[in-house]
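Novice: Be aware that the sequence shown starts at 1, since it is given in full-length UniProt numbering, and climbs by one per residue.
Treat the hints with care, as some may be off.
Label pairs and their calculated CB-CB ranges [to be verified]:
no., residue 1, residue 2, range
1, S231, I294, 46 to 56 angstroms
2, Q247, I10, 41 to 51 angstroms
3, N26, D227, 17 to 27 angstroms
4, Q424, H368, 21 to 31 angstroms
5, Y464, T361, 14 to 24 angstroms
With a straight-line Cα cutoff of 20 angstroms, these simulated SDA-like cross-link-like pairs (lysine to any residue) come out [said to hold, decoys possible]:
no., residue 1, residue 2
6, K258, N310
7, K388, F359
8, K196, D207
9, K473, N308
10, K112, F135
11, K200, Q36
12, K242, P44
No lab work stands behind these hints, which were simulated from the structure alone.
The beta-carbon is built from N, C-alpha and C at its ideal position, and this holds for glycine as well.
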Amino acid sequence: MNSKYKIAIIIGVLLVVLSISITSINYFVSLNNTQQQLKNQALPLSLDNIYTEIQKHIIEPYLVSSMMANDTFVQDWLINDEENYKKIENYLSAIKNKYQMFTTYLVSNKSKNYYTQDGFIETMTRDNPSNNWYFSFKQKSKNHEINLDFNKNLSNSLIMFINYKIFDRDYSFLGSTGVAIKISYINDMLKTFRQKYHFKVFFINKDADIVLSEKDNFKYSSLSEIDYLNSIKDDLISKESKSFEYQVDGKEHILNTKYIPELDLYLLVEAKTEDFLVHVKDIFYFNLIISLFISFFIIITLVYLIKNYNKKLEHLADYDMLTSLNNRRSFKSKLSRQISIHQRNKNSLSLVFIDIDDFKTINDNFGHEVGDKVLIRISNILKNSVRKSDLVARWGGEEFIIVFINSTLEDSIVSIEKIKGLIQSDYLLTELAGSDITASFGVTQLKEKDSIDSIINRADQAMYRSKRTGKNKIESI
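Let the sequences and hints guide you as you build the complete structure.
Specialist: Printed below as a string of structure tokens:
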């Protein structure tokens with residue numbers, strides 16, 4: 001591992017661990033909240049919604065049945081020995097059409113005749129099992145009830161019957177009347193709860209028989225057939241609302257119950273917890289991917305910044321900040337390699353030491369800012385006047401150094417003459433200093449046993465000889 005990227009990697013690992021930890025914590029918190037919301041809010045609310053929906057459909061039929069039972073026309077017709085069947089047929093037909101009931105009916109206690117909007121249907125007898133509802137209702141103390149039943153005379157579908165007792169003015173029992181409505185809306189409602197809300201809804205009676213469930217999607221007729229509910233069926237049959245939790249094939253389920261007094265049935269709503277956690281898991285994976293993406297983006301950004309920062313540090317370590325030329329340390333390192341190459345290949349190598357003449361006077365007269373501009377301008381002239389293979393460096397202050405690779409002393413002097421003329425004739429330098437700026441040059445050839453210090457010292461001596469003999473000159477040793 002590259003030591004300069006250790007910090008980025010450590011920060012990256014911490015970010016990834018932190019992202020995964022925070023996302024996981026949020027996931028488990030969301031799981032718990034979803035489970036609690038399902039148990040304490042969604043299921044109870046669904047129970048109430050179903051109950052309210054049923055009540056809404058029962059209220060009007062209840063009122064119509066009550067009105068029929070208290071209608072003096074009906075009472076008088078029964079008291080008068082059911083004269084003219086057509087009258088009661090028309091009456092029941094009018095009620096059916098006005099309130100859009102599935103059917104309307106009346107049973108005379110005296111004759112046991114059963115009438116609907118279609119007229120006389122049959123005479124009720126205790127021997128006929130389909131007539132038991134009437135004789136059972138007659139014996140009950142309550143004046144009205146609701147039955148859910150199949151009736152061959154009405155249709156081969158589940159019908160809700162709302163029965164009301166009819167009494168005369170002396171409160172003598174005259175018979176029973178009421179309406180019937182199809183409850184297909186309940187099947188649609190149960191289907192909606194399953195498809196949209198993932199709830200399984202069904203109704204049971206006090207014998208744990210499943211009397212109402214979604215058609216074609218519920219194969220059981222009794223809780224006794226459902227192993228995981230059979231063991232708690234006695235607890236389910238309670239007029240108190242309850243909540244149960246259990247496992248089915250390793251999956252957690254929640255079931256809430258509610259007693260519906262109007263139907264004398266128990267409403268059960270079951271939910272598989274897993275169905276409600278899918279979106280939580282999707283959010284978890286989405287957040288995890290986003291967190292990891294952000295973490296990796298930060299890591300890549302850090303690596304990029306560190307890489308650039310290190311490049312800047314390396315540049316500062318090897319190059320002069322003002323002129324962007326090689327600094328002394330970098331120059332010596334590169335010169336050492338060139339000397340090694342020369343010793344192997346016997347190539348020519350010349351070194352030039354350059355010092356700007358009277359630079360102190362420029363600083364004193366015009367300030368260091370102008371002095372810096374002069375140094376920058378001269379460094380540009382030097383860079384543009386040598387080959388890419390040559391070395392140019394700022395040695396320090398106003399001193400520069402050049403190494404001409406594969407260049408004899410004579411060829412190097414020719415190049416230096418050109419540089420010397422460019423410096424002296426540069427209009428920008430003249431403008432900065434108010435007069436021509438010149439430089440003194442000392443050049444030497446690399447010898448067989450030269451070291452870095454020896455060749456530099458020799459070029460330095462040559463440069464000082466140029467200074468002593470009038471400046472703006474080239475001296476060689």
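Novice: Hint by hint, note whether the structure agrees.
Specialist: Going down the list of hints, with the structure as the test:
Roughly 50 angstroms separates the CB atoms of S231 and I294, a value that falls within the hinted 46 to 56 angstroms. At roughly 44 angstroms, the beta carbons of Q247 and I10 sit within the given window of 41 to 51 angstroms. A C-beta distance of roughly 37 angstroms is found between N26 and D227, which places it outside the suggested range of 17 to 27 angstroms. As the Cβ distance of Q424 to H368 is approximately 23 angstroms, the hint placing it in 21 to 31 angstroms holds.
Roughly 18 angstroms separates the CB atoms of Y464 and T361, a value that falls within the hinted 14 to 24 angstroms. For the hint pairing K258 with N310, the CA-to-CA distance comes to about 72 angstroms; that exceeds 20 angstroms, so the pair is violated. For the hint pairing K388 with F359, the CA-to-CA distance comes to about 28 angstroms; that exceeds 20 angstroms, so the pair is violated. For the suggested pair K196 and D207, the alpha carbons sit about 30 angstroms apart, so the restraint of at most 20 angstroms is broken.
Of the pairs offered as hints, the one joining K473 and N308 is violated, with about 43 angstroms between alpha carbons and a cut-off of 20 angstroms exceeded. With a C-alpha separation of about 10 angstroms, the suggested pair K112 and F135 falls inside the 20 angstroms cut-off, and the hint holds. The suggested pairing of K200 with Q36 holds, with an alpha-carbon distance near 18 angstroms, which does not exceed 20 angstroms. A hinted pair counts as satisfied when its Cα atoms are at most 20 angstroms apart, and K242 with P44 qualifies at roughly 10 angstroms.
Hints 3, 6, 7, 8, 9 from the list above are not met by this structure, while the remaining hints are.
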